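*Asks:* Listed below are the residues making up each chain.
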Amino acid sequence: MRLTRFLVPTLFVLLIGAPAWAHGPTPQKVEESIEIAAPPDAVWNIVKDFGGIANWNPALTKSEGKGGTGSGASRVITLKSGGELEEGLDYYSDDEKTYLYRLSKEKVDVLPVSSYSAELSVKPGKDGGSVVSWSGRFYRADTGNEPAPDRNDAAAIKAMKNYITEGLNGLKAKAEAK
Amino acid sequence: MLRARRLIVWLAASLLAMPALATGNDALVFVANQDAATVSVIDSGADEVIASIPVAFAPAGIAADPSGATLYVTHPERGEITVIDADQRKVVRTLKVGGTPFGIAVSHDGTTFVSDWNKDTVTAADPQTGKVLRRAAVGRAPAGVVTSPGGSLVFVANRESNTVSILNATTLNVVATIPVGRAPFALTVSPDGRWLYVANVQSANISVISIETLKPVATVSAGPMPYGLATTRDGGRLLVASQGAGTVSILDSSSLRTIASGKVGRFPEGVGIGPRDDKAYVANWFSGDVSVLDISTGKELKRIRTGGGSRALVVVARGHGKEAADPNATTNGLQP
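Those protein sequence lines, which keep their order, are chains F and P.
Counting the first sequence from 1 gives a position; my numbering is that position plus 97.
Counting the second sequence from 1 gives a position; my numbering is that position plus 456.
Bound conformation, chain F alone:
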């Protein structure tokens, strides 16, 4: 009984969790932004450490960076669910206060998205504050033409949106804390 309970979900994951290709033909997008009552320099100071994202993102319990913000830098993030994702840094600019990264290896059981790249940028807002934008380009978990409801475009968009929104709210709370 115990064994069955363990085996069934495992088999299920093994069966559906390993598509032969890494992503599908039609990318989806999510873009969220938030106004923060703190200067862009101060907000950038919080987010600029690529490997230290867990310091401000409440959706994560842990993050570990490798290679700083240089070419080929990467980080492993641990979500609240316990699942880990590895992300590679693709573009980083202190001047523009922006960086772009990409999922290195898909794990659709952690996030129902089979591939993503995302961009975080800090821009001047009103009254000396900031606007932080976080956008993602990604593919649904099941890239075939008849995905299950928890692996389709809507599921991917919802997961990304929730993840990004939680992160931005956490950043705002941290940046505005006295």
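Hints in this document: simulated from the structure, not taken from any laboratory.
Note that this is a predicted model, so its numbers are computed, not measured.
Where is the CB? At the ideal position from N, CA and C, for every residue including glycine.
Don't take each hint at face value.
In silico lysine to aspartate or glutamate, DMTMM-like type, Cα no more than 25 Å apart, as pairs [as the list claims (entries may be wrong)]:
1) Lys258(F) / Glu533(P)
2) Lys719(P) / Asp191(F)
3) Lys204(F) / Asp576(P)
4) Lys258(F) / Asp491(P)
5) Lys587(P) / Glu243(F)
6) Lys575(P) / Glu243(F)
7) Lys204(F) / Glu616(P)
8) Lys255(F) / Asp491(P)
9) Lys194(F) / Glu756(P)
10) Lys719(P) / Asp250(F)
11) Lys269(F) / Glu161(F)
12) Lys719(P) / Asp247(F)
13) Lys255(F) / Glu533(P)
14) Lys719(P) / Glu193(F)
15) Lys202(F) / Glu756(P)
16) Lys204(F) / Glu756(P)
17) Lys552(P) / Glu129(F)
18) Lys552(P) / Glu243(F)
19) Lys575(P) / Asp247(F)
20) Lys126(F) / Asp247(F)
21) Lys126(F) / Glu616(P)
22) Lys758(P) / Glu128(F)
23) Lys271(F) / Glu161(F)
24) Lys202(F) / Glu616(P)
25) Lys758(P) / Glu161(F)
26) Lys755(P) / Asp192(F)
27) Lys575(P) / Asp250(F)
28) Lys755(P) / Glu193(F)
29) Lys126(F) / Asp491(P)
30) Lys719(P) / Glu129(F)
31) Lys220(F) / Asp576(P)
32) Lys202(F) / Glu668(P)
33) Lys719(P) / Glu128(F)
Label pairs and their in silico Cβ distance ranges [unchecked claim]:
34) Arg545(P) / Ser178(F): 43 to 51 Å
35) Asp247(F) / Ala674(P): 44 to 52 Å
36) Ser230(F) / Glu668(P): 42 to 50 Å
37) Lys755(P) / Gly164(F): 30 to 38 Å
38) Lys755(P) / Lys275(F): 41 to 49 Å
39) Glu263(F) / Ala525(P): 50 to 58 Å
40) Asn249(F) / Arg650(P): 42 to 50 Å
Add chain P to chain F, keeping to what the hints say.
*Replies:* What follows is chain P alone, placed relative to chain F:
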């Protein structure tokens, strides 16, 4: 291998009929907008949208026949290809090809070559009926498809296999499979038919392959996530769109050095060249617009609002039938 090489050289030499350039004439730029489910038509004289053609859900790749009279748009989510009449600016028929049609190119006789992202094939299909004439197994997740300027060869970038397949356009036999960088997606051929350029998204570089020897001759670094490629009509410049940096780099084709670079919209994909080699058009997927670039300086001249998810575009001559289309029009499949 030697036989294959000889065959390639023969095919390349015997059928190297360069399409006439549309010099002096204005052109039309057709842009496939994934989210808006439209194809925008831009007049390259005024650089304004003059029409928006509604199409089916999630268009991806676009190509024109050599005369520029007919456009073909793939819909991987629907297993369909939309056929558009360039003059009427409307959909005239839908080819129900099934599967996941993605990259597309059109040969001189009008045959369409289509990659199927999930089936790992390239098919030659009848442009009237969509009926499959021939089918070739290629690498995994075949993306961009282009034909040689003479029309005798078909090239496809196998995204998940890190290779390019070269097919005989007549028989659809695989003549060669060549390793490139990681995640090749877009490709383009020099107008003289000698060089194949392949943009490798994950290794952030461009593979240059000699079509005569079937050997990679150079690898050039590009910006992060290169998703779009085009060569100018005179062959002198190679343009590379970096999705990660939101820029387009302009390289000298001989030295492969970057001579200019410019910011465009967000997450650029497809690149096309204007009729006089002076301007380039870049589809910006995230920002849903098209950047017009000055090819000599890399400066963005104009940003044209098109529609959500502008992905692929093709430049065709106005007054088709008299002038041949953009060489890229016959050779570009998806230029994402």
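*Asks:* Does each hint hold? Answer for all of them.
*Replies:* Okay, the hints, checked on the actual structure:
no. : hint                              : verdict
1   : Lys258(F) / Glu533(P)             : 22 Å, holds
2   : Lys719(P) / Asp191(F)             : 17 Å, holds
3   : Lys204(F) / Asp576(P)             : 23 Å, holds
4   : Lys258(F) / Asp491(P)             : 17 Å, holds
5   : Lys587(P) / Glu243(F)             : 23 Å, holds
6   : Lys575(P) / Glu243(F)             : 14 Å, holds
7   : Lys204(F) / Glu616(P)             : 17 Å, holds
8   : Lys255(F) / Asp491(P)             : 17 Å, holds
9   : Lys194(F) / Glu756(P)             : 22 Å, holds
10  : Lys719(P) / Asp250(F)             : 30 Å, violated
11  : Lys269(F) / Glu161(F)             : 22 Å, holds
12  : Lys719(P) / Asp247(F)             : 37 Å, violated
13  : Lys255(F) / Glu533(P)             : 20 Å, holds
14  : Lys719(P) / Glu193(F)             : 13 Å, holds
15  : Lys202(F) / Glu756(P)             : 35 Å, violated
16  : Lys204(F) / Glu756(P)             : 38 Å, violated
17  : Lys552(P) / Glu129(F)             : 37 Å, violated
18  : Lys552(P) / Glu243(F)             : 17 Å, holds
19  : Lys575(P) / Asp247(F)             : 23 Å, holds
20  : Lys126(F) / Asp247(F)             : 17 Å, holds
21  : Lys126(F) / Glu616(P)             : 22 Å, holds
22  : Lys758(P) / Glu128(F)             : 24 Å, holds
23  : Lys271(F) / Glu161(F)             : 20 Å, holds
24  : Lys202(F) / Glu616(P)             : 13 Å, holds
25  : Lys758(P) / Glu161(F)             : 42 Å, violated
26  : Lys755(P) / Asp192(F)             : 20 Å, holds
27  : Lys575(P) / Asp250(F)             : 20 Å, holds
28  : Lys755(P) / Glu193(F)             : 18 Å, holds
29  : Lys126(F) / Asp491(P)             : 10 Å, holds
30  : Lys719(P) / Glu129(F)             : 22 Å, holds
31  : Lys220(F) / Asp576(P)             : 43 Å, violated
32  : Lys202(F) / Glu668(P)             : 36 Å, violated
33  : Lys719(P) / Glu128(F)             : 20 Å, holds
34  : Arg545(P) / Ser178(F): 43 to 51 Å : 50 Å, holds
35  : Asp247(F) / Ala674(P): 44 to 52 Å : 45 Å, holds
36  : Ser230(F) / Glu668(P): 42 to 50 Å : 47 Å, holds
37  : Lys755(P) / Gly164(F): 30 to 38 Å : 33 Å, holds
38  : Lys755(P) / Lys275(F): 41 to 49 Å : 45 Å, holds
39  : Glu263(F) / Ala525(P): 50 to 58 Å : 51 Å, holds
40  : Asn249(F) / Arg650(P): 42 to 50 Å : 44 Å, holds
The structure shown violates the earlier hints numbered 10, 12, 15, 16, 17, 25, 31 and 32.
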